[in-house]
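Now for the letters of each chain:
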Amino acid sequence: MNIIEIKDLKKDYPLGDTIVPALRGIDLAVAEGDFMSIIGPSGSGKTTLLNVIGCIDFATAGSVKVGDREITALSDRQITDIRLNKIGFIFQTFNLIPVLDVIENIEFPLLLMKKSAAEARKRADKLIEEVGLKEYAAHRPAELSGGQRQRVAIARALVTNPDIVLADEPTANLDSVTGASILELMRRMNEIEKTTFIFSTHDANVLKYARRIVKIKDGLIEKEPALA
Amino acid sequence: MKLILTIAWRNILRHKGKSLVIGVILFTGAFLMTVGNGVISGMAAGVEENIINGFMGDIVLISEAQKSDNILLNMMGSSIEPINSYKKIKEVLAAQPYVRHFLPVGKNLAMVLDENTDTPGFAYLIGVDFAEYRKMFPDNFTVIEGSYPARGERALLFPDFARNEFYSFYNIWFLPEGGKVVKENLSKDALAAIATLPVSSSAVMMGMSSGINTTSDIRFPIRGIVRYKALNKIFGHFCLVDIESYRECLGYFTAADMAAQVPKEEKALLGLEGSDLDSLFGGDSMLVSGYKKAPRQIKAEKIAARNPEDGTYNAVFIKLNPGTAYKDALARLNRGLSEAGTGVKAVPWNKASGPMGSMALIIKSALFLFVTLLFCVAVIIIVNTLTMSALERASEIGMMRAVGAHKTFIAGMFLGETAILASVFGGGGILAGILAVRLIPLFRITTDNDMLQILYGGNFFNPLLSFSGVLLTVFQLLVVTIIAALYPMKVAGNITPLDAISRD
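Those sequence lines, one after another, are chains A and B.
Mapping of the first sequence onto the working numbering: residues 10 to 237, in sequence order.
Mapping of the second sequence onto the working numbering: residues 102 to 605, in sequence order.
Just so you know, these hints were derived from the structure itself, not from any lab.
Fair warning: there could be bad hints in the mix.
[As the list claims (entries may be wrong)] Simulated crosslink set (BS3-like; lysine-lysine; CA at most 27 Å straight-line):
1) B:Lys103 x A:Lys131
2) A:Lys226 x A:Lys19
3) A:Lys123 x B:Lys103
4) B:Lys420 x A:Lys123
5) B:Lys420 x B:Lys117
6) B:Lys591 x B:Lys508
7) B:Lys191 x B:Lys420
8) B:Lys103 x A:Lys124
9) B:Lys103 x A:Lys143
Model, not experiment: these values are computed from the prediction.
So that you can see chain A by itself, here it is in the shape it has in the complex (with noise of 0.2 Å):
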């Protein structure tokens, strides 16, 4: 079954009085609980896709249901929630609340969506122990590595349990151990809580972590690559 179905997918962006596409018409289907990779040079549409399917940024045109809901036509509000309650995000940067501690930047969307501060840190608890970040919990991000600080994302993202979790080059600001680390965690979580993911790299090393590998340039996806 399809996760997210995306059809003629169009994204432009204005520079001026001139009008620069980023995505000419995606087609694309993403069947649930996989492990997607989204592949292309710098400038090719990859982040723009990302965005359009998690809600932050706005089709031009085309259809992009997610779950079974066509998320092109709500309002702030709806969309707000689709990213609260069916998507994570892991930022390139980390993006964590750098004023809340560990556990408490992992138990953050859990206390958006109202449920009891007990429930929320015992979701919270289970997860850091998962990411491997326990003896962390009262830390601030500031006192975190970059690994460290990628892993509360994973946790974070996972957190709500989501359909889908999008992570934006996520190993792009980490050395290659670490980011292997990293992607090794997800690629375990996602067996362990059997959520999709889809996340965007230029890192040919990232590529063997993948089950499914999409190509896209020039706003177009090309061809899908054989897996290695």
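Add chain B to chain A, keeping to what the hints say.
Just chain B, lined up with the frame of chain A:
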């Protein structure tokens, strides 16, 4: 809510510099606002106590012919129009349930003459029935030398402030009849010349009017020297004199004149008992708006046997019952007076007191404006600081939005930060302001400046803060907090997850 406040509090601690800037502004604003409200309240209470309760009441009745409503500190030469319909007025006033007390008075300027100099001095005369005056204003001054006149006695109460001025002017030290020089009450100059101090226990005064020159110069026996409880430098220009002597001094109809001209039996025969005597003499050239042609000399006899209310007055001071709706009372009173054909109008105390009332209102408005401007400046600075803070935190806010925080959550976070700062620093400012308002009166700060005395509400700077005044300050702080947070909340709420990514 707990999450919002937790993040807000920690953000305040994280951005200590900005928080401190906003905090100091809020503290200063709240402090000045509290003290400002205290000064305004103190002034209002002082003005009410000293002018309304101590000098002229809530409402003043003056002749409809009176051009200016200001009868207290009117310019020299512009006399107060006479009122000859007091009996009618009294009936109207007695029928008003909201009127607590009223007092008819004569009030005009008089020249103070001295045989040794050509240049006259000036004093305001207030002609009253001393007994009734004491009922209306029981403790507005103290008799520091001599005594308070008995009912119906012809006498003058001279203020000590005017005495000092007249000593400088005439080199005469006024004393009450039979009184001795009291060293403690001497001015510096008089004390220096105590060995050869020329004294007088009477003052020669001549009423001044802009109408027909029928005034008389009268030698008033001084019964006592008085000191007004508050605003002595302003009220200290007003001499109290018995109403009959006052009328004679101004050339008005005295009660004796009225009794002589229209005997009671004749009034009864004519059916004019209690009616306006102007109507009787309306066409008589001898009477011009209450003035009589020939001046009279003061007589030593007591006037208690006659009804002093029969003669001419210039004004009626009225005190209202507490809690009376002021504007409504004024309107009803004017309606009643007009329907009864009294020929007088009711004016509010602040108009009748002229520059004093206006100055009180101006100072009050200026203080209010100052506090409002202070708040506007505070709001602008806080808005700028918080907006900058919102933009600097776009990445963090955008990330919160990306993981599912609604605009309301982000707005709430900013409101929370402002509310915490307002509670801590603004609350501190209010407490400091309350403390200052409590402490200031203990220093007994006084001034020689008349206008500042009005600001002080009396002789001492006495700011006053009631519970409702504190509530008002808290409300003002709340308004400032909400207004200051509105724009930054909007800016923060409009930050999108894409903004966060773009900034990365």
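Hint check:
Restraint check for lysine 103 of chain B and lysine 131 of chain A: satisfied, since their Cα atoms lie roughly 18 Å apart, inside the 27 Å limit. For the hint linking lysine 226 of chain A to lysine 19 of chain A, the alpha-carbon distance of about 14 Å falls within 27 Å, and the restraint holds. Only pairs whose Cα atoms come within 27 Å are accepted, and lysine 123 of chain A paired with lysine 103 of chain B is accepted, the gap being roughly 11 Å. With a C-alpha separation of about 62 Å, the suggested pair lysine 420 of chain B and lysine 123 of chain A falls outside the 27 Å cut-off, and the hint is violated.
Distance hint between lysine 420 of chain B and lysine 117 of chain B is unfulfilled; the C-alpha atoms sit about 56 Å from each other, more than 27 Å. Distance hint between lysine 591 of chain B and lysine 508 of chain B is fulfilled; the C-alpha atoms sit about 9 Å from each other, no more than 27 Å. Using a Cα cut-off of 27 Å, the hinted pair lysine 191 of chain B and lysine 420 of chain B holds, with the two alpha carbons roughly 14 Å apart. Between lysine 103 of chain B and lysine 124 of chain A the CA atoms are separated by roughly 13 Å; this keeps the pair inside 27 Å, and the hint holds.
Distance check on the hinted pair: lysine 103 of chain B and lysine 143 of chain A sit about 24 Å apart at the alpha-carbon level, within 27 Å; holds.
Checked against the numbered hints given earlier, the structure breaks hints 4, 5 and satisfies all the rest.
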